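**Q** The residues making up each chain are set out below.
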Amino acid sequence: MQRHRSRAAILSTIFMGLGQIYNRQFIKGLIFLAVEAGALVYFIANLGRAFWGITSLGDSPSHLVKVKGITKMVAGDHSIVILIQSLITLMFFVLFLIAWYMNIRDAHKTGEERDNGRPSNTFKQSVRYILDYKFAQSFLLIPGLGILFFTIMPIIFMIMLAFTNFAAPDHIPPAKLVDWVGFQTFRNLLVLKSWSHTFYGVLTWTIVWAVLSTVTTYFGGMLVALLINQKGIRFKGLWRMILILPYAIPQMISLLLMRNLFNGQFGPINQYLGYFGLGKLPWLTDPFWAKFTVIIVNMWVGIPVSMLLIMGVLTTIPRDMYEAAEVDGATNYQKFRIVTLPMILFSTAPTLIMQFAGNINNFNAIYLLTQGNPVNGNYQYAGSTDLLVTWLYKLTADQNKNNMASAIGIILFIIVAGFSLYNYRRTKSFQEEDMIQ
Amino acid sequence: MIIGRKLTSIIRLSLSYIVLIALAIAAIYPALWILLASFRPGKSLYSKTLIPEHFTLAHYKELFTSPVYMFGTWYANTLKIAVFSMLIGVVLTLLTSYALSRFRFKTRKTTMSVLLILGMFPGFMSMIAIYLLLNQFDLLDTHMALIIVYAAGAPLGGTLIAKGFLDTIPRSLDEAARIDGASNFGIFVRIILPLSRPMITYMALTQFVGPWVDFIFAKLILRTKENWTVAVGMWDMVNTMQNSNFTLFAAGAVLISVPIMILFGFLQRLLVDGLTAGASKG
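Heads up: the protein sequence lines correspond to chains A and B, in order.
Here UniProt numbering is used: the first residue of the first sequence is 1, the next is one more, and so on.
Here UniProt numbering is used: the first residue of the second sequence is 1, the next is one more, and so on.
Looking at chain A on its own, in the form it has when it is part of the complex:
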């Protein structure tokens, strides 16, 4: 009694939709037929070229041709455009394969129903079934497509770039072709003295920056929240409103503003130092002071958010914990250490770790303030305050060393993603979410 299910599945394998029509689901079948027809037209035109493109990356660069005694420039293959076109086609192909597989499975399943003597669903019933039982999956489809094309495709593209020699001065299309080179770029980055020196130097500063900037804003925010929350402080709402102000100013504006405020020659900060008879400080031009300044400015930008968060947590700490501590004769400091601090740390730990991961990638804070400068002569195209992110941005935008930038991007991505994934999988929201309510 397996006639219907195998027949439907085989028919659907031969041509999408046939199995559905065999199962008397005509509308569904026609939709599938149309999908396959469209796909055939598209793939016959493009698929072969896509496979050729992704393996060879083009084979003729722009070159001069003599036509009737006049030399003319003939446009050749643009390797990078070919790469992206091939990638797009292949992604459509994968989507098509998934649809094809689902079509076979659907035909098989409906056939099975019929084998068991039940009639197949009408089109209306199918739609209802999807809305009731496959709701989440169909809801996720639209955002999923957006993410596929604007995030996943670029990531694959970038990973591929790291294995090519797409870099100035010798391999910039359309004049020259780009080729696959395997792990050469990674080898250069990690072993070749000139690159590896920069890489490890910038990596060290990135980690130092991430630790310092996270710790300073977090504990700064905690301090401010506790100050305002003290018994006896008046106008709590007013203080909070004033101290939130830096959070409300768009970050780009506030960072550009700070860059002027700390300007070594004309900036008001140095001007005021002068009033106190102190010399001017090279806030943004000396390697040490520049690092100091970015941390301070980041505190100004970041403390309000931490403050808000921690104030929110403070209101959730039960009063009776403090009362119990008071009965036991705890001093203010002990109450803080035994009750407040653990409670805050416990409920904000995930945020803290996310902030750390975010700071590793904090492009704006560095680029808008110092652009990675002051320049460090020992580095390859990097300055003293450059993070890995800003360095790789400069490598693509200014130097056209795209393969190197991609390699750095991959390493950075692995560090940050691994770290946050490990952390996230341990949180309540991920593990035992059904227990919360």
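The set of hints was computed from the structure by calculation and includes no laboratory data.
Note that the coordinates shown come from a computational prediction; the quantities given were computed from them, not determined experimentally.
Warning: the hint list may mix true and false statements.
[What the hints assert, rightly or not] Computed cross-link-like contacts, DSS-like style, restricted to lysine-lysine with a CA-CA straight-line distance of at most 27 angstroms:
id: 1; chain 1: B; residue 1: K225; chain 2: B; residue 2: K61
id: 2; chain 1: B; residue 1: K80; chain 2: B; residue 2: K225
id: 3; chain 1: B; residue 1: K219; chain 2: A; residue 2: K280
id: 4; chain 1: A; residue 1: K236; chain 2: A; residue 2: K335
id: 5; chain 1: B; residue 1: K48; chain 2: A; residue 2: K280
id: 6; chain 1: A; residue 1: K394; chain 2: A; residue 2: K176
id: 7; chain 1: A; residue 1: K109; chain 2: A; residue 2: K124
id: 8; chain 1: A; residue 1: K236; chain 2: B; residue 2: K80
id: 9; chain 1: B; residue 1: K43; chain 2: A; residue 2: K109
id: 10; chain 1: B; residue 1: K6; chain 2: A; residue 2: K231
id: 11; chain 1: B; residue 1: K6; chain 2: A; residue 2: K124
id: 12; chain 1: B; residue 1: K6; chain 2: A; residue 2: K134
id: 13; chain 1: B; residue 1: K106; chain 2: A; residue 2: K134
id: 14; chain 1: A; residue 1: K72; chain 2: A; residue 2: K231
id: 15; chain 1: A; residue 1: K394; chain 2: B; residue 2: K80
id: 16; chain 1: B; residue 1: K61; chain 2: B; residue 2: K80
id: 17; chain 1: A; residue 1: K335; chain 2: A; residue 2: K193
id: 18; chain 1: A; residue 1: K335; chain 2: B; residue 2: K61
id: 19; chain 1: B; residue 1: K225; chain 2: A; residue 2: K394
id: 20; chain 1: A; residue 1: K193; chain 2: A; residue 2: K291
id: 21; chain 1: A; residue 1: K68; chain 2: A; residue 2: K134
id: 22; chain 1: A; residue 1: K66; chain 2: A; residue 2: K176
id: 23; chain 1: B; residue 1: K225; chain 2: B; residue 2: K109
id: 24; chain 1: B; residue 1: K219; chain 2: B; residue 2: K61
id: 25; chain 1: A; residue 1: K176; chain 2: A; residue 2: K72
id: 26; chain 1: A; residue 1: K134; chain 2: A; residue 2: K109
id: 27; chain 1: B; residue 1: K61; chain 2: B; residue 2: K48
id: 28; chain 1: A; residue 1: K280; chain 2: A; residue 2: K291
[Unchecked claim] To give an idea of the chain B side of the interface with chain A (calculated C-beta under 8 angstroms), a few residues:
id: 29; residue: A26
id: 30; residue: I28
id: 31; residue: S44
id: 32; residue: L118
id: 33; residue: P122
id: 34; residue: A129
id: 35; residue: V213
id: 36; residue: I256
[Said to hold, decoys possible] Facing chain A, a subset of chain B residues (Cβ under 7 angstroms, in silico):
id: 37; residue: L45
id: 38; residue: F121
id: 39; residue: V272
Backbone N, C-alpha and C define an ideal beta-carbon position, used for all residues, glycine too.
Chain A is already provided as a structure; the job is to place chain B on it using the hints.
**A** Just chain B, lined up with the frame of chain A:
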């Protein structure tokens, strides 16, 4: 004993007030400084006093009338992009977080992990690829391109926080509605949406602010000056003139910040709720 305790309490409070006042000055001063600088005659960054000797509106006028700075056009562009990308982005994020919070399906946890990882990807690393992709579809130098890219990116940043918030809305409400015959979509519109107002505010605001401050990606996509957003314009202004026309920059900065600050002010209560509820659930 009692006097001693009172004394320490007074000392503690006055010390706290001193620190708070110092912090308040540090928080307000930069904003005040740039506001006053925008009214200062002349062009230079340097000024003898914080409060200018005369006030002038010349810089604001220049922003809108000078042929070099099409600030009015940029402003309208940014507003348009911000509103559309906010609307689409919020809808997409809500859809994703609702599906992840309320439904149990096989690949759910994987989806959540994937969202988290993709969100960690340094955005402008994908710039070259997106640039080429938009080029393929002939979308370069259009506002449509920016709206699509900003909106498509929204679920990556917001979903997990929004999901944390939706988890706090009791399931029993959904079930009651289901017994009354509401469909999945009906539950979403009538129960979830009204109850997640703080979260929606928070997401909408972060999404709205994005286009006002993103200069890197916008600069790459928008080639003609008439199509620029304010962020690109401001970045260009700062970079091409260095500090030679600081007061004009100040005026532009004020014009960008004021509407956003007003929004923050009005929505403060909701924002704080959304931020803390989503985050402290981690």
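**Q** Taking 8 angstroms as the limit, does the beta-carbon of B/A26 come near enough to a beta-carbon in chain A?
**A** Holds. Min distance 7 angstroms.
**Q** Holds or violated: B/K219 with B/K61, Cα cutoff 27 angstroms?
**A** 25 angstroms, holds
**Q** CA of A/K394 to CA of B/K80, is that 27 angstroms or under?
**A** Violated. A/K394 to B/K80 sits at ~30 angstroms, over the 27 angstroms cutoff.
**Q** Using the nearest Cβ pair, does B/A129 come within less than 8 angstroms of chain A?
**A** Status holds, d = 4 angstroms.
**Q** CA of A/K335 to CA of B/K61, is that 27 angstroms or under?
**A** 57 angstroms, violated
**Q** Is the hinted pair A/K394 and A/K176 satisfied, with a Cα-Cα distance of at most 27 angstroms?
**A** Between A/K394 and A/K176 the Cα gap is close to 22 angstroms, so the pair holds against 27 angstroms.
**Q** Please verify whether B/K61 and B/K80 have alpha carbons no more than 27 angstroms apart.
**A** Since the Cα atoms of B/K61 and B/K80 sit roughly 23 angstroms apart, the hinted pair holds (cutoff 27 angstroms).
**Q** Are the Cα positions of B/K219 and A/K280 separated by 27 angstroms at most?
**A** At roughly 35 angstroms apart (the allowed maximum being 27 angstroms), A/K280 and B/K219 break the hint.
**Q** Can the hint on B/V213 be confirmed by a CB-to-CB distance to chain A that is less than 8 angstroms?
**A** Check passed: Cβ of B/V213 comes within 4 angstroms of chain A, closer than 8 angstroms.
**Q** Sort out whether A/K193 lies within 27 angstroms of A/K335, counting only the CA atoms.
**A** 54 angstroms, violated
**Q** Below or equal to 27 angstroms on CA atoms is what counts here, so check B/K80 against B/K225.
**A** Roughly 16 angstroms between the alpha carbons, so the hint for B/K80 and B/K225 holds.
**Q** Keeping to a limit of 27 angstroms between CA atoms, is the pair of B/K61 and B/K48 held or broken?
**A** 24 angstroms, holds
Violated hints for the displayed structure, listed by number in ascending order: 3, 8, 9, 11, 12, 14, 15, 17, 18, 21, 23.
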